[in-house]
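Asks: Sequence:
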Amino acid sequence: MQDDCADERHKPSGKTAAGDAGSIVRAVAVLDTLGAADTALGVSEIARRCGLPKSSVQRMLKALHAVKLLERDGTRYRLGLKLFELGQHVPRQRDLREAARPFMADLQEATGHSVHFAVLDDDCVVYLEVLHSPNSPPLPTRMGGRWPAHGTGIGKAILAFSDQTVVEHILATGLPRLSERTIITPGLFTAELARIRERGVAYDLEESRAGVACVASPVFGLSGQVVAGISVSGWHTRINLDHSAAAVRTAALSLSRYLSMRSG
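For the sequence shown, my numbering gives the first residue as 1, with consecutive numbering after it.
Keep in mind that the hints were calculated from the coordinates and are not lab data. Check the hints yourself; a few may be wrong.
To be verified - Derived lysine-lysine pairs resembling DSS-like cross-links, with alpha carbons at most 27 Å apart:
1. Lys54 with Lys82
2. Lys82 with Lys68
3. Lys62 with Lys82
4. Lys68 with Lys54
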């Protein structure tokens, strides 16, 4: 006789499902922690940064390493190549990055500075492509890296043309200080976004990192909504802001036009 309850036995209970969801959340926390680190980290340091029990982190690291999401260097762990491979299959971001590359190369040639291309994700920008220049500061930014949007030129350029609800979310989560020049007052930040909308260019004058200046502009898609931002970064004492602003604005407009034509 067929067991009518056979299917039910294979269904996860509410408790099991909740536990599985919790494990996924913790695994993502571990991946985020390693993604934010410049070097490989040991179990104890990962547990401390995640606020999780060391024993749980150790089991999770072994599981993530087994499926090649992490690489192991002795007793330390770092993100694995498998994550990079998976990231290449995210269609929208991949298409945006591929479209932006030639415009970024032209912008770097025109200015001689490092060029960044990023999208907004929650309260941070995520860099889809970075072209570093030997003439620019050794920036910690990297492809796939994240940085608080409010303290970057590229983040402010995107936020200035985003829906008001997006800006309100940023203000509600707070404006942490990244340097002595970071704008941390909601009123001043809102006024800054208004200025960016007027001129179409955002400036980061040592707001994210001392000694570094950035000039950025928004990139728009077919619908006219902002989809990304493009910027150049250099030493604050060496970058020509006017020249860079004109070059960045031209690159952003050209890329926006290309995206609209390609999607149309």
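Asks: For every hint, state whether the structure bears it out.
Replies: Now the hints, each set against the structure:
no., hint, in the structure
1, Lys54 with Lys82, "holds, 24 Å"
2, Lys82 with Lys68, "holds, 6 Å"
3, Lys62 with Lys82, "holds, 15 Å"
4, Lys68 with Lys54, "holds, 21 Å"
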